[in-house]
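So the protein sequences, as listed, match chains A and B.
Position 206, counted from 1, in the first sequence is what the numbering used here calls 206; the numbers after and before it change by one each time, with no gaps.
So the numbering used here is basically just the index in the second sequence, starting at one, shifted up by 335.
In case anyone wonders, no lab produced these hints; they're calculated from the structure.
C-beta atoms are modelled at their ideal positions from N, C-alpha and C, and glycine is treated no differently.
Each hint should be verified, as a subset may be incorrect.
Residues from chain A shown here face chain B by an in silico Cβ test under 10 Å; the list is partial [stated by the list, open to error]:
hint, residue
1, E22
2, V25
3, G47
4, I48
5, R67
6, E71
7, A105
8, V136
9, S137
10, W153
11, V199
12, M208
13, Q323
14, S325
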Amino acid sequence: MRRVFSIITILILLVACSPHTEAVVVYTSVDQVFSEPILKRFEEETGIKVLPVYDVEAAKTTGLVNRLIAEKSHPVADVFWSGEFAQTIILQEEGVLAPYVPSAADGIPAVYRDIDGYWTGFAGRARVFLVNTDLVSEDRMPDSLEDMLDPSWPAEQIGIAYPLFGTTATHAAALYAHWGASEARLFFEKLAERGIRVVDGNAVVRDMVVDGRLAFGLTDTDDACSAVEAGQPVRIILPDQGDGQLGTLIIPNTVALIEGAPNPAIGKQFIDYLHTDAVAAELMASGWSHVDLHSGATVAACLEGQSIRGMDVSLGSVYDQMQLSKEELTAIFVR
Amino acid sequence: MIIATRTMVHPSTSRLRAAIGVCTTKGARLAGAFAYVLLVLGPGLALCIGLSRIPPATWPDLLVPRGRRPDLLWRSGALAAAVALGAMATGSLAALRLMQWRGRARATLRWLILIFLPFPAVTHAQAWAWLAGQFNRLLQRQGMIGILFYGWGVSWWVQMLWLMPIAIGLALVAFESVDPALVEAGRMHHAGRRVLTHVVFPLAMPLLLAGAGVIFVLSLVDYAVPSLFQVNVYALEVFADFSAHNQPGRALLLAVPLLVTTVAVALLSQARLRPAALSPSWRQVSPVGLDQTGWLVTLAQGALIVVALGMAVPLVSLALQLGPWSHFAASVAAAGPEIGYTLRVALVTALLSLPLAYCAARGALQQRYRWLWWLAITAPLAVPGPLIGIGLIGIWNSTLGHDLAIYGSPVMPVLASLARYTPFGALVLVATLRRLNPSLLEAARVLRPGGLRTWLWVSLPLHAPGLAAAYGLVFCLTLCELSATLLVAAPGQGTLSLRIYNYLHYGASDTVAGLTLVLTMLVLAPGVVAFCASALVFRRNAAPRLLAQGPSHDQG
Chain A
1 MRRVFSIITI
11 LILLVACSPH
21 TEAVVVYTSV
31 DQVFSEPILK
41 RFEEETGIKV
51 LPVYDVEAAK
61 TTGLVNRLIA
71 EKSHPVADVF
81 WSGEFAQTII
91 LQEEGVLAPY
101 VPSAADGIPA
111 VYRDIDGYWT
121 GFAGRARVFL
131 VNTDLVSEDR
141 MPDSLEDMLD
151 PSWPAEQIGI
161 AYPLFGTTAT
171 HAAALYAHWG
181 ASEARLFFEK
191 LAERGIRVVD
201 GNAVVRDMVV
211 DGRLAFGLTD
221 TDDACSAVEA
231 GQPVRIILPD
241 QGDGQLGTLI
251 IPNTVALIEG
261 APNPAIGKQF
271 IDYLHTDAVA
281 AELMASGWSH
291 VDLHSGATVA
301 ACLEGQSIRG
311 MDVSLGSVYD
321 QMQLSKEELT
331 AIFVR
Chain B
336 MIIATRTMVH
346 PSTSRLRAAI
356 GVCTTKGARL
366 AGAFAYVLLV
376 LGPGLALCIG
386 LSRIPPATWP
396 DLLVPRGRRP
406 DLLWRSGALA
416 AAVALGAMAT
426 GSLAALRLMQ
436 WRGRARATLR
446 WLILIFLPFP
456 AVTHAQAWAW
466 LAGQFNRLLQ
476 RQGMIGILFY
486 GWGVSWWVQM
496 LWLMPIAIGL
506 ALVAFESVDP
516 ALVEAGRMHH
526 AGRRVLTHVV
536 FPLAMPLLLA
546 GAGVIFVLSL
556 VDYAVPSLFQ
566 VNVYALEVFA
576 DFSAHNQPGR
586 ALLLAVPLLV
596 TTVAVALLSQ
606 ARLRPAALSP
616 SWRQVSPVGL
626 DQTGWLVTLA
636 QGALIVVALG
646 MAVPLVSLAL
656 QLGPWSHFAA
666 SVAAAGPEIG
676 YTLRVALVTA
686 LLSLPLAYCA
696 ARGALQQRYR
706 WLWWLAITAP
716 LAVPGPLIGI
726 GLIGIWNSTL
736 GHDLAIYGSP
746 VMPVLASLAR
756 YTPFGALVLV
766 ATLRRLNPSL
776 LEAARVLRPG
786 GLRTWLWVSL
796 PLHAPGLAAA
806 YGLVFCLTLC
816 ELSATLLVAA
826 PGQGTLSLRI
836 YNYLHYGASD
846 TVAGLTLVLT
856 MLVLAPGVVA
866 FCASALVFRR
876 NAAPRLLAQG
886 PSHDQG
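Let the hints inform the model, and build the full structure from the sequences given.
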């Protein structure tokens, strides 16, 4: 038995060997391809090692947030950088976050900041239609969420991701907050009854529109812009931008300090770094962010400088609807 | 004669158990049981602590499927059963056809099928969706309506092809382990097809059923492929609830019906089968194969075509997306640390899983506590990956575990995969241990009681096919592990699987294609190691073969 234990110990050491240096641990749900260059730049400029943990869409938002909740008694992370806000507010409610207001947060509208300073928004994305231009002519472009209920569109040519996970769930909760629960539920019931394609994620919506399996679908600007920049036959439409229409949901990135973080000072330094103009410019240039939260203007080339009107809902009210909307939409779409 | 043969090869169950039991001491058995409970069952047990957060009044609603959930569970079970049946039937037929490949080189080539095992399910799904899209464009150019490529049938097809390498791999192990002497004896009296149906299949059945059980469970807990093709399954319901409430305890209670189904299927597939002791003459050329004519040959050729199609479509799809060589080289270089780390994790996990799986498998074949061991093997199979991750955090990041400094270290993904995949290895070993001829182990014990040399020269070669199959299965599954690793990976040390899925979302199809191909190459690593090790061991030792060529049939 001693021999077996010796072998096991050696094997564990083989896997475990790694150097220890001064570092900041960053958990991020932002795609690695966008966040990694920012983290590397921080390392180069400060000499502080960044140890990231990336989320993946396939985990269906059960990944890093649940990890942070489970680690609450002995935190490992210093900073949580999210690609949206609902998961961050969940962490705030669970007591995982510590208040910290970066100095550069003054210019950000109050709607994108927590009133108690537990998190701060920056670098916005938006919910958009991605339309296949081979299948949809210029005069038939959809311009409202209501178009998904229009019987002149074949239901199997319209797609959304499951409204139970990720930004689609957040968008659904925003509709619950804006329309009220009964009207929003009715809207989704009609979508389900029509039989529109409900697929595995926003990236799948993009791929299906690009392949021509969908005429159009609802997705995020980062997914949509990657298709445009790849030269695919697609066009991005910002829905509900007319007078009296509800606007579209703008989703800010959020960043927060972890309560009991092992390295809070470095964590704060990293949060400050994320709020610099250089990072904002780099995130826009890389295709992750497309909306300037200060002005509401779209700044990415794929959106051709269109201005954007966001939905008139507070992020807190959206969060308040999350659990109800997820429960009701699970009953509607998972059957 | 065939009836007589079947009678001959069934030794008394107690004798087999006794023969297997001589391999270890009581202390080692206890240590093994403790390690199994800590490393495999521990995460699930740790989750039970979280149940205290769930109001008792809601337990019945979560535990007992109500409303739309019974229907979901029934359809999920039906899909998993259809996938398991389809994959094992097709895989067994294809394996029989591959057994016709004679000679050392061609016999080795047939195992190349296993390099397709780590293709992520989503790669298969996207490849077939891409093919359907191309087909539809062709139809539309001809003014015809395209096909609708989603639904239960498509989900079944893609899941079946995704899991096909497991089916073929285990079928090959099953057929290659059938005693050649019994096959030859059967052939003296009956045509080949009858020998196949009355001798080969019954003797290979425990491992074939174990394979079906493994595939059933993998299909049952998978929601990725079904949700890509708009099929709702029970596993998605569990994840939707977990996402809405962020309470692992709730998700665990919701997963109990999956767990009950898994335990029931595993018990049905194995527990009622009588042992069939055989000499695993795996170093000899197996005579198992097909007659040159007959409907079975046609079926087997059809199965091989399905398998070839299932491998070719994702491979071609990846090759077309690969992009220029320089881009491929750059993406592989960028993923270098992840590739090395993933390989180390998979090699170590597969190695550490063997004593644990062996201990559990032996327990499942012993007289005392066997039902407890069956439960210990099958119950963890149905616990979703993220919950295993949460359970591991509960153990190793607790006040007690925190001082050990294991949490946050690169060891955690090893622990995650051990907890998830050791039971799969145990299932394979149960099936192969059933087939050991106790005469050989008893003879070895009489000639040289105990000792490393007996273990190395007699026990190890006899156990080798099962151990190799279990090792390969755990290794391949670990390479692709995602959901539990995501929760416990050390900061700054991701695995290749995490990187692939991250890029998959971004839509970097050329990078994803390149890294997926690298993943397939990694599968060859244990194969090369196993080949070298076996060559080294068997070149120096002829004893096992001499023993195996002796009175291999149990006369009792």
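Identify every previously stated hint that the structure contradicts and give their numbers, smallest first.
As far as the earlier hints go, 1, 3, 4, 7, 8, 9 and 10 are violated by this structure, in ascending order.
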